[in-house]
Amino acid sequence: MASVLASDLVFEGNVSGAGDLHIDGTVRGDVKVGRLTVGETGNVEGGVQADIVEVRGRIVGAVVGKQVKLLGTAYVDGDISHEQLSIDVGAYFQGRCLQVRKGEPTPVSHHPQAAGSMGFSTPSYAQPVPAPAPVDAGQLIELKPASA
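Under our numbering, the first residue of the sequence shown carries the number 947, and numbering increases by one thereafter.
Treat the hints with caution; some may be incorrect.
[To be verified] Keeping only pairs whose Cα atoms sit at most 27 Å apart, straight-line, the calculated BS3-like set for lysine-lysine is:
| no. | residue 1 | residue 2 |
| --- | --- | --- |
| 1 | 1015 | 978 |
| 2 | 1048 | 1015 |
| 3 | 1012 | 978 |
| 4 | 1048 | 978 |
| 5 | 1048 | 1012 |
I should point out that these hints are in silico values taken from the structure, not numbers from a laboratory.
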């Protein structure tokens, strides 16, 4: 049986545990549980980590899970690290996703708006890519169309 955060509740702070959690209200903080369901009225402003993550509502922050499902009403703004990812038609997802193979440690991604104290950090793949070095004019090759 899952613990339920009702739609009329707002929880500020981190939530952690090994059990199941169903969120219909709002959590402002990181969530780390065994199985997480974010209902249609649910809202998480922080990082999420669970073996199984099912999203019908809204998450603004990193999502880390072995199995991640974004249903048609889902809104996710943040990076997703996963073994399996399912995104239904109609779901909104803005961010990067990284598939992790079974047995590999799951990297933890982080959305800047989801800063918390549960150990979420930005992986190397999410770092800005440096601009390419300037090209010396002597290295440029001019291509011209072939004459017919």
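So, going through the hints one by one against the coordinates:
The suggested pairing of residue 1015 with residue 978 holds, with an alpha-carbon distance near 16 Å, which does not exceed 27 Å. Restraint check: the Cα-Cα separation between residue 1048 and residue 1015 comes to about 17 Å, which is no more than 27 Å; the hinted pair holds. For the hint pairing residue 1012 with residue 978, the CA-to-CA distance comes to about 13 Å; that is within 27 Å, so the pair holds. Between residue 1048 and residue 978, the direct Cα distance comes to roughly 20 Å. Compliance with the 27 Å bound is thereby established for this hinted pair.
Among the hinted pairs, residue 1048 with residue 1012 is consistent with the structure: their alpha-carbon atoms are about 8 Å apart, no more than 27 Å.
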